[in-house]
Amino acid sequence: MAIILTEAEAKAILQKVLAFSKADECEANILGEQRGNIRYARNEVSTSGGLINQNLAVQSAFGKKVGTATIDEFDDASLEKVVRRSEELAQLAPENPEYMGVLGPQTYGTSKGFFESTANVDPAKRAEAVAVSLAQTREKNLVGAGFLEDSRGYSAMMNSKGLFAYYPSTNVNFSLTVRTPDGKGSGYVIRGFSDFDKLNTQSATQIAVQKCLASVDARALEPGKYTVILEPTAASVLLENIFFNLDARSTDEGRSFLSKPGGKSKLGEKIVDERVTIYSDPANADLPAAPWSGDGRPQEKINWIEKGVVKNLAYSRFWAQKNGVKATPFPNNVIMAGGDSSLEEMIKSTKRGILVTKLWYIRSVDPQTLLLTGLTRDGTFFIEDGVIKFPVKNFRFNESPIIMLNNLEALGKPERTVSTESDRNYLIPPMKIREFTFSSLSDAV
Amino acid sequence: MNRRDFMQWAGLGAGAVMLPTIPVIGRSVSPEALLDNAIDIATKKRLADAALNAATAKGATYADIRIGRYLNQFVITREDKVQNLVNTESYGVGVRVIADGCWGFAAIADAKSEAQTAKAAEEAVAIAKANARLLKEPVQLAPVKGFGEVSWKAPITKNAFEVPVKEKVDLLLSVNDAAMKNGANYVNSVLFMVNEQKYFASTDGSYIDQDIHRIWPTFTVTTIDPKTGKFATRESLSSPMGMGYEYLQANPADSVKGITTRYNMGYDMLEDITSAAQQAKEKLNAKSVEAGKYDLVLDPSHLWLTIHESVGHPLELDRVLGYEANFAGTSFATLDKWQSKNFNYGSPEVNLFADKTQKGSLGAVGWDDEGVNTKRWDLVKDGTLVNYQAIRDQAHIIGEKESHGCCYADNWGSVQFQRMANVSLAPGKAPLSVEDMIKDVKKGIYIIGDGSFSIDQQRYNFQFGGQLFYEIKDGKIAGMLKDVSYQSNTQEFWNSCVKVCDERDYRLGGSFFDGKGQPSQSSAVSHGSSTARFNGVNVINTARKI
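For the record, the sequence lines run as chains G and D.
Heads up, the first sequence is in the working numbering, so the first residue is 1 and it goes up one at a time.
Heads up, the second sequence is in the working numbering, so the first residue is 1001 and it goes up one at a time.
Any given hint might turn out to be false.
[Claimed, not checked] Listed next, the in silico DSSO-like pairs over lysine-lysine satisfying Cα-Cα at most 27 angstroms (straight line):
1. D:K1287 x G:K64
2. G:K266 x D:K1166
3. D:K1341 x G:K264
4. G:K322 x D:K1181
5. G:K260 x D:K1281
6. G:K322 x D:K1227
7. G:K264 x G:K307
8. G:K125 x G:K112
9. G:K184 x D:K1287
10. G:K266 x G:K65
11. G:K322 x D:K1341
[Unchecked claim] Calculated Cβ distances over 10 angstroms to all of chain D for the following chain G residues:
12. N37
13. R42
14. G146
15. K184
16. E222
17. Y279
18. S293
19. F382
Note that these hints are calculated values from the structure, not bench results.
Quick caveat, the model's predicted, so the values are computed rather than measured.
Idealized CB from N, CA, C, for every residue including glycine.
Next comes chain G alone, as it looks inside the complex:
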């Protein structure tokens, strides 16, 4: 049988699974994916490989005793075995007072995340995409190291109360570091798309080449507070620390940046500049995502931060019921609304500042303030009187994305980008920020 099942095929298997169930409640999640990759370094392909993965997880419940078992074979005997095993585990498990039972049938929106162009990528097409990149770095006597990975897959779920959901999707991520042979210059590019036809490794490579050449002979600037222009990739690795921490329970428990003294929260309060709106929308054509969450809850268009005000937090069904609120799940995609400034205009309007194209090794320093540390990497430039003057040595920063979004100067148009920390795709605008805190210099290129 194929790895990527159609909706009808997935439904048929899930119906068989539920037919084997003897538990009070049963829920089954199934997925299949095929990935292919090419990795290269020193202008040579170093490894290439593929991954085929399929998995069925069955959760059985007797009252509040819950067990989960998974299996990667889908013949009838295996389906029965995994159901029995989940039932045995459930009988052995202690009661989970937070178990909420499975959901009944839901209504989901539509989202087109599956593209034939990506699903049909074969080793030859993958190699061709990499070959045009390698040709450029070889021809220019620069050194390329990159990674291209495409994936196609589906996920589906069904439960004993009649809920059914199915979603197919595709993705391709391409990243490239170009260095000068003497190691004095380094440039980077990363691209993520659902539709392989949108990936142009030729033009992406040009960007990394250009940054590499422009970054040679960087000069040292004193660390301190600078106006910065963050390209979307650099901004995403900071902002995603806000997205990951939108959990209502941690907030209510007093251990989140959104907590306030006395068990109160900042829900409903303005925490950043009023031009900041952060939302999720599974139907967004540029960043399609599954319209349902792993436990079957519908994913709807929702504002998390609207005009600087915290509008919504993510709830588990248990915590939502305890607090008598709607159980909004963690989102499947995140989008930050933009302004009308272009990157060029932002540079032009900057008297003295730094263009940051990539950030690296981001780690939490203080979860109470979301203070993060990390470094600039692969192309950092000094801007004076509206023009890029020269490359600068990399800085370490200590900054909170909340403080940063209070110091907002301008926003550009959102672009699809990939976090170099989490590999997640986002729509994030380039942004200009004043008083961004660089705390020391690095000799790294």
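Position chain D relative to chain G; hints supplied.
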């Protein structure tokens, strides 16, 4: 180090979403299934020979096969609740070959017949031949002798997978209870156990059967000041270890007494969490550090991570050569610095070594994942850079005749490549205790436990936090500090090392999740040291208002 994976799996750590999720690292099975001996050794040899013969018949000049069964068990709790019990198993076979001078690799899940392993071998040869067209220089393998039929078992005394789940749950719930009774507002605790059953065979004539065990008990305690809304956490001072359940059967000899108790080859979780709850409260009211230069006295429970990031990674030969340029980065420790034979990595007090044999360490095995017997070797001797970490296809680049034996794959389905050995700071030769170290510090900070960490892609500039910070004034501990991070440059930092305690204080720290490669693979690695002192290091204050 790929800590995010762990936080995602266990719902632990500062700023992490406190929701446990099942890790997708294998199928989940009943606890009893983890004790089965899935395939006997005679069958493994038959499966291996089928693959090696098939590879050779198709034209491979070298072939190896790894038949792997990877077992994990997690017990995840918060306060008085078990959040998740997870048992996973992953079994399969990976075959690696050289054909037409090029590597090829293919893996197959659930392979239990000779036809299946032979098919994987044939696929690997086909891939090698296809990729050979892109190759400039053929692979050069440092020779290794065939060892025949041999085996190695981690020297554990109590298999953690044989301990009933209930006993583990009871331990964690009693530990959580102690935290709550000592003033914690919240506590998350996790017990994480790993068993790798690996069979390796190669055309060099080795058939190596190994049984590897790892364990990591850990927790995070949170306290909150209701008036200010400030919260503080204190994480466990345990280390992940290459041990069985005996690590949790603490022997008083394994406790290192001092301003707080630290642990050697045995961990008293109940004692540590009791201190942790009290210290988390104390942290809320600790003095905020004044930024400036301090002499740092670093406990092994902290220093391991600095060693990992600033010594372990930059001395990996594949990074030095540029193979990791697009992700983990390259290295400041370039070949010319090593060739000069006079590159001052650190002060003369600094001796750093790599080791794949140390008992109880995460990296200890008899043979690595390409059949090389393991050993210990020097990286930095009396302050001077003397070597790197290299595997069979790299040894010739640094003029060595044999591999260092530090090749590893995190699963049967992942291709093996060069990974960090246990990299450790050798203890000082002169008798020196922690008290001796502190008594002549005028203005300093004593740091215990690991915290926030970040380092640039060539391993120059780093910043580290910790769990506990004590101010040292005129040779005495003057109280607890908070908001402390130190920043330095690798060469400057190791050259500021003035003293290292003797071997009585030598302990291991380590990580289950050192991340490297694209697609990323995780590896577990230990780092040993005695308490060491570094003079005049730049400390910043990390307090902010939002």
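These are the hints, each one checked on the structure:
Pair hint K1287 of chain D plus K64 of chain G does not hold up; C-alpha atoms about 46 angstroms apart against a cutoff of 27 angstroms. Under the criterion of a C-alpha separation no larger than 27 angstroms, the hint pairing K266 of chain G with K1166 of chain D is inconsistent with the structure, at around 40 angstroms. Pair hint K1341 of chain D plus K264 of chain G does not hold up; C-alpha atoms about 61 angstroms apart against a cutoff of 27 angstroms. A C-alpha spacing of about 25 angstroms is found between K322 of chain G and K1181 of chain D, which places the hinted pair at or below 27 angstroms, so the restraint holds.
A hinted pair counts as satisfied when its Cα atoms are at most 27 angstroms apart, and K260 of chain G with K1281 of chain D qualifies at roughly 18 angstroms. A distance of roughly 24 angstroms separates the Cα atoms of K322 of chain G and K1227 of chain D; the hinted pair therefore holds under the 27 angstroms criterion. For a cut-off of 27 angstroms, the pair hint linking K264 of chain G to K307 of chain G stands: about 21 angstroms separates their Cα positions. Note on K125 of chain G and K112 of chain G: the hinted pairing holds, with a Cα-Cα distance of about 23 angstroms set against a maximum of 27 angstroms.
With a CA separation close to 43 angstroms, the supplied pair K184 of chain G and K1287 of chain D exceeds the 27 angstroms bound. A C-alpha spacing of about 35 angstroms is found between K266 of chain G and K65 of chain G, which places the hinted pair above 27 angstroms, so the restraint is violated. Our distance criterion of 27 angstroms between C-alpha atoms is broken by K322 of chain G and K1341 of chain D, whose separation comes to about 66 angstroms. Once the 10 angstroms rule is applied to beta carbons, N37 of chain G is inconsistent with being away from chain D; the minimum gap is 7 angstroms.
For R42 of chain G, the requirement that its beta carbon stay farther than 10 angstroms from each beta carbon of chain D is not met, with the minimum near 5 angstroms. Some Cβ of chain D comes within 10 angstroms of the Cβ of G146 of chain G; the nearest lies about 6 angstroms off, and the non-interface call is violated. Non-interface status of K184 of chain G relative to chain D is upheld: no Cβ of that chain comes within 10 angstroms, the nearest being about 12 angstroms off. The non-interface label for E222 of chain G is consistent with chain D: the shortest C-beta to C-beta separation is roughly 15 angstroms, beyond 10 angstroms.
No beta-carbon of chain D comes within 10 angstroms of the beta-carbon of Y279 of chain G; the shortest separation is about 19 angstroms. Even its closest Cβ contact with chain D, about 12 angstroms, leaves S293 of chain G beyond 10 angstroms, as expected for a residue assigned away from the interface. Remark: the non-interface label on F382 of chain G is consistent with the geometry, its nearest Cβ contact in chain D lying 19 angstroms away (cut-off 10 angstroms).
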